[in-house]
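Chemist: Full structure from sequences and hints, please.
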Amino acid sequence: MKAEISRRRFLQGSVALSIAGGVSMSPSAIMASASASTKPEDIGKTKKVATLCEMCVNKCAAFAYVKNGIVTKLDPNPYFPKSRNMLCPRGNSGLAAIYDVDRLKYPLIRDGEKGSGKFKRATWDEAYSYISEKLTKILDEEKDNRSTVAFCAGEGMAEHTFKNFYTGFGSAHFLNHASLCLATTVSGYSLTIGGYGQADLENADYVVMAGANRAEAIVTPDSMDFFKRTTGRGAKLVVVDPRFTNTAAKSDKWLGINVGTDLAFVLALTYVVIKEDIYNKEFVENHFNDFATYKKHVLQNEYTPEWAEKITGIKAEDIYQVARDFMHHAPQSIYYQGRRTTWSKNDFQLRRAQAIFSALGGGIDIKGGICFGKSIAMEGHEVSAPIYDQAKSRIDAKEAAVVGGSGTWVGFRNMVLEGRNPYPIRALFNYKHNPMANMPNSAKTEAFLKKLDLVVTIDTMPSDTVMLSDVILPECTYLERTDPAKVYGGIEPAIVQRNKVVEPMYESKPVIEIMRGLSKKVSKPLFEITKKYDEEVQDTIEEDGEEATYEEFDLTKAFEESQEDLNHHAVAKYAGAAESLHAKGVFYPNMDKYFKKLNVNEYEYYPESKKYYSVMNKKFKTPSGKIECNLSSLTKRGIDAMPTWKKEYEIAVPDGQFRFITGRHAQFTQSGSSNNKMLLDLVPTNYMWINKRVASRMGIKFGDEVEVASKVGKTTIKAYPTEKIGLDTIFFIHGFGNKSQELTLASGNGGNDANIIEDSIEPMHGATCLHDTIVEIRKV
Amino acid sequence: MARYGMALDYKSCINCRACESACKAENGVLPGRDNYRIWVGQKEAEGEFPNISIASMTYHPSQCQHCDNAPCQQVCPTNATYYDDNGVVRVDIEKCILCTYCINACPYDARYVDDRTVTVDKCNFCSDTRLANGETTTACQATCPTKVRTFGDLDDPNSDISQLIAKREYKQVKEHLGTKPKLFYLL
Amino acid sequence: MNNFSIKNLFEFNKTPLNLLVAVLGIVLLGAFLAGAAYYILHGHHAFNVTRQHPWGLLIAMYVFFVVSSTGLCIISSIGHVFGVEEFQQIGKRAIAGAIITLLSGFAVIALEVGHPVTMIIYNVLTPGFTSAIWWMGTLYGIYLVFITIEFFFLTIKVDHKWSKIFGIGGLLSGLAAHSNLGAVFGFLISRPTANGVFYPVYFILSAMITGCYLLYIIYGFKYRNDYPEQLKAMFLKLNKILGMLLGILIFFEAWKIITALYGTMPERAETILHVISSPTFIFGEVLLGMLIPFAIILFTNGQAIKPMVYASLTGMIGIFFMRYDLVHDTLIYPMTMLKRSEYQLPPTFLEYFPSATEFAIGFGGIGITIFLFYVAEKVFNLDPDREH
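Protein chains in written order, with my numbering: chain A, 1 to 780; chain B, 1 to 187; chain C, 1 to 388.
Hints were generated in silico from the structure; no laboratory data involved.
Be aware that one or more of the hints could be misleading.
Anything over 12 Å on all C-beta distances counts as not near chain A; from chain B, calculated [unchecked claim]:
| no. | residue |
| --- | --- |
| 1 | Asp68 |
| 2 | Asn69 |
| 3 | Gln74 |
| 4 | Tyr82 |
| 5 | Asp84 |
| 6 | Arg90 |
| 7 | Glu94 |
| 8 | Arg116 |
| 9 | Val118 |
| 10 | Ser127 |
| 11 | His176 |
| 12 | Lys180 |
Okay, derived cross-link-like pairs now, BS3-like style, lysine-lysine, Cα gap no bigger than 30 Å in a straight line [what the hints assert, rightly or not]:
| no. | chain 1 | residue 1 | chain 2 | residue 2 |
| --- | --- | --- | --- | --- |
| 13 | B | Lys11 | C | Lys339 |
| 14 | A | Lys701 | C | Lys339 |
| 15 | C | Lys256 | B | Lys174 |
| 16 | B | Lys11 | A | Lys367 |
| 17 | A | Lys367 | B | Lys167 |
| 18 | A | Lys557 | A | Lys531 |
| 19 | B | Lys11 | A | Lys677 |
| 20 | A | Lys392 | A | Lys531 |
| 21 | A | Lys374 | A | Lys573 |
| 22 | A | Lys315 | B | Lys43 |
Cβ atoms here follow ideal geometry from the backbone N, Cα and C, with glycine treated the same way.
Modeler: See below:
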């Protein structure tokens, strides 16, 4: 659910919380069966509950089988168009997540030096009280500057609930994974073609996947749709990657590119199609803004394939061929957008260049191209967003050209560490986020977390970040909670809902209950601080009385209703939606008519004629309504108006050293599953890819322990010599090498990429450059 | 009564190994190096960077081939390995003496010792876990992201699998041994 | 039967060699019991066998023991079944040896088969007639009955007619059982190096060689190279028989290798090439098991007896390696050459080395043999009857 947050001044009289839609049927009655504990008559019977996976970001629909109160199996749920009808290895391994013996079981309060790993068990009330006392003290000392408390969250369906707390709290600092992940690609595509969009891989004829590894870093429905059509079965695939990935194994052509040189490759492709005049003229003429300037820019700079060959290591003839083939199949040709894309300093420009090149074929908002699709309207609920006069603005706003609502995590952290913050940053609320593992330079992250007076972490597992917290609040896993219903727009939109499968284990709670308890404890004391320092509030109290004024600042209101009720209200206008969301986990208008089984494996969600391939009517969501080639407004922020290759992008790898790249396997994508027994059974640890010939020269054999060291840190890992990687590159997957002693299986298992990646950021959004690190290796 | 088999559109396999974890969860297969009913095979990449042979990197989802003429069944001294009514090659744990002769005899490395029952275990097309509960798919088929597997009745000409192998060419593994496998790798 | 008491069980001539064998027997027996205890606690996890290499040292030792049993039975049958005079004197001791080595083999296999009791029940209730193991097991059971009764008629209730009848039965069931044991490997269509006619025939041939070696060792130990004349006569014949058998074995082996290598048939040729370049084959099987005894027979024109006793010791070590390699070589080529995970080396020839428990149980079986032989020598009169 997307909340409509009203940012109204309380002086203008705002409503604290309003829930739209009537209550037609008691949601608690509908939900009763899902949340009830085992009744005697149910013993031995198997119950099937519709849930949504949370092992990664895709939110695949699943059915959980429950017997005697125990989740016995997770099966794919075929009703969700986005996830089709599947569960990947991570999805299957949710069983090992809920029944992980190392789970956080009770609230804990630090009881020793920070980082010592010593905690004492507390009741929820003790934990809330502890937080309340600390917060009150900090805010009193900071004179109600709410921004002294930062909030960060990992991606997840309940991130929204946590964010409601942040909104009510009134800090300027929210930080999430965007600047460590896909900020540049989302904005690169949005500013160029009007949206990140959805690549229609079910119908595309020609796809270039550069860096995107859809056979391993599974994204729904892309991965499922596409690999049924590759290898001579309808779709041509070109993979551009410094590694020979499982995706490359499915390609028609694999181009092993030099790390960080993709922009040169795309510019050369653009050069070829312009020079040879093979782009989609009709589309460019009607739907491009300022193409002439871009054309001139590309031609004058002579971004020829021959030029690009020297930089990228890709043969000029291959570049010519890809450019021509792409246009031959256009508009059913896609230069795939990619995710987790902050690789290098030029990343924003790279995504712009990709978007423009893709658009040159006309494959935008069209079947087989990049589509924007449709959403389904849900009733939102308003959450009060009080304005605190003493709350100062973001400290990291100037760290990059455009710093959005989720900040630049690395920029923010480094400012605090380097003392460049204009006012103290003293506390951090962290929901389900593990910056120790996912932010480059974990030594700095550790120092940052230690520097803070109060770190409150809500999580399910004792991650490295959790171990550096002051208060740990155990969240239940996704199988133990109902989360906000959410719309997944696209070619085949649907609303989905995660239903509680079993009762939370131990003393863990869903985040909405944690927020409810916490807000009850802190709301009043925090208001007292505001009263003390906020003159506007003092004025209002004089005018309206204290009680009326407090209404606006009452943090508890956002969490009064149960998640089940909130979800029910959100879809109240659709008949049968709440019931469908409960029973099937999925709803979309006309689902009962449209949903059809095609064969034992496949389902049809929307009839072909009802799919939302083209929705924009050729009016794109850019300032000019056209494809933007030349964003001249960015120049005054120091950002190139057009994608331009610069000499500084060419990072030479000194002899005997390597450029480090990171990535995913289908079994491990998130650091959160590093202790998962079922996944570790498939891949027991991560290995460092090193070229076989180089390894043999260095005397490194398979399984040898090697130390990988960069300027910022080092890590130890086993070697995997392979020809699937270039001579000057090394690679290992993310999420391993945890320090936390509380993770029985993950502790000290494998190499940690966050230890060695340097913490430089790119200029547009301050997103991290994950692939700009040079490392040395030695056998240990 | 049916004759169950499985067609594998193996070129769709992305080697994510969801089938392995689904199988383990469904059938209670214990973790461990030797404990698996199904697996995905792959070759070592051929060629030198950047000239890697794409063709050398196909993935081969594998499991018991449910041979019509199963070597494992022939060699079993106590008939613990048997064909059930649906032609599925299964192990009767009451009769298994754990001589492991069948493990030696299987040309496909499809058998292993289950530490729960201390008898030989293998893929049984989820006969006792899913089919017995009225499901019509195996765990590996149901979970597969790219829908590699199609399980069904080879005796029913209208079944999806019969239609598939009637329409498309396929190869079989080690069929020269006369095992008559019921797994069909679609080309 | 001899006069027998617990007291005289511990009375023996305490020569250094006797003491050595006594200590060896006790150590091996202890090892067997310790190995058995460890196995009962940990099951097959106490062994280094894996999914890809499910059989190991214990199967090899089982074959070793039953090959010894069959060999002794066949060689002794030369005398009391086929009536060759010189061989009649060894009859009782050879049959006692056949029973003892078979029991030792059964003791070892009982700790290899996971559920021996289930085996006995379902061998009868739901017999697997297409299974070479079923035939082998059942026939060895029958064989044991035959030779036990034969032994009864040889030593306790001496009756040459009946001993001959049961001797023939024992010989036939032994031959059938043992060639079926060869077929356990020969029937494996999945294993090109084992599959075919070779093993069932080879098993009988190598059994006879084993029988010869064992007779040298048993009588060599008993008479300390100071043989009565009639025994010398037997040994001279045995020399010739063994020489011929070894010649045939070398001939068989050579052709097996040549045909396996010729044309480089996949799996078979590379496996055999790997096998013949391994030290256990070159030094164990060929040098110790075949060439040393064969050379002695050849260069002494079959006249040497004392050297043959020592050559039989190397021969039996060779025979052990033949059994060990037989199991290992059959399984050495993986059934799938694909990697099952990104992070592993490509599959190659499988490696196997027995665990301490396997060594304890497998070689501990020899302790059982020594112990039972000692008891048998005490209890029964295994020498030829005077009237003979």
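Chemist: Against each hint, give a clear statement of whether it holds in the structure.
Modeler: Status of the hints after comparison with the structure:
no.	hint	result
1	Asp68	22 Å, holds
2	Asn69	27 Å, holds
3	Gln74	32 Å, holds
4	Tyr82	27 Å, holds
5	Asp84	21 Å, holds
6	Arg90	21 Å, holds
7	Glu94	23 Å, holds
8	Arg116	15 Å, holds
9	Val118	20 Å, holds
10	Ser127	16 Å, holds
11	His176	26 Å, holds
12	Lys180	23 Å, holds
13	B:Lys11 x C:Lys339	17 Å, holds
14	A:Lys701 x C:Lys339	17 Å, holds
15	C:Lys256 x B:Lys174	24 Å, holds
16	B:Lys11 x A:Lys367	25 Å, holds
17	A:Lys367 x B:Lys167	29 Å, holds
18	A:Lys557 x A:Lys531	19 Å, holds
19	B:Lys11 x A:Lys677	29 Å, holds
20	A:Lys392 x A:Lys531	17 Å, holds
21	A:Lys374 x A:Lys573	18 Å, holds
22	A:Lys315 x B:Lys43	27 Å, holds
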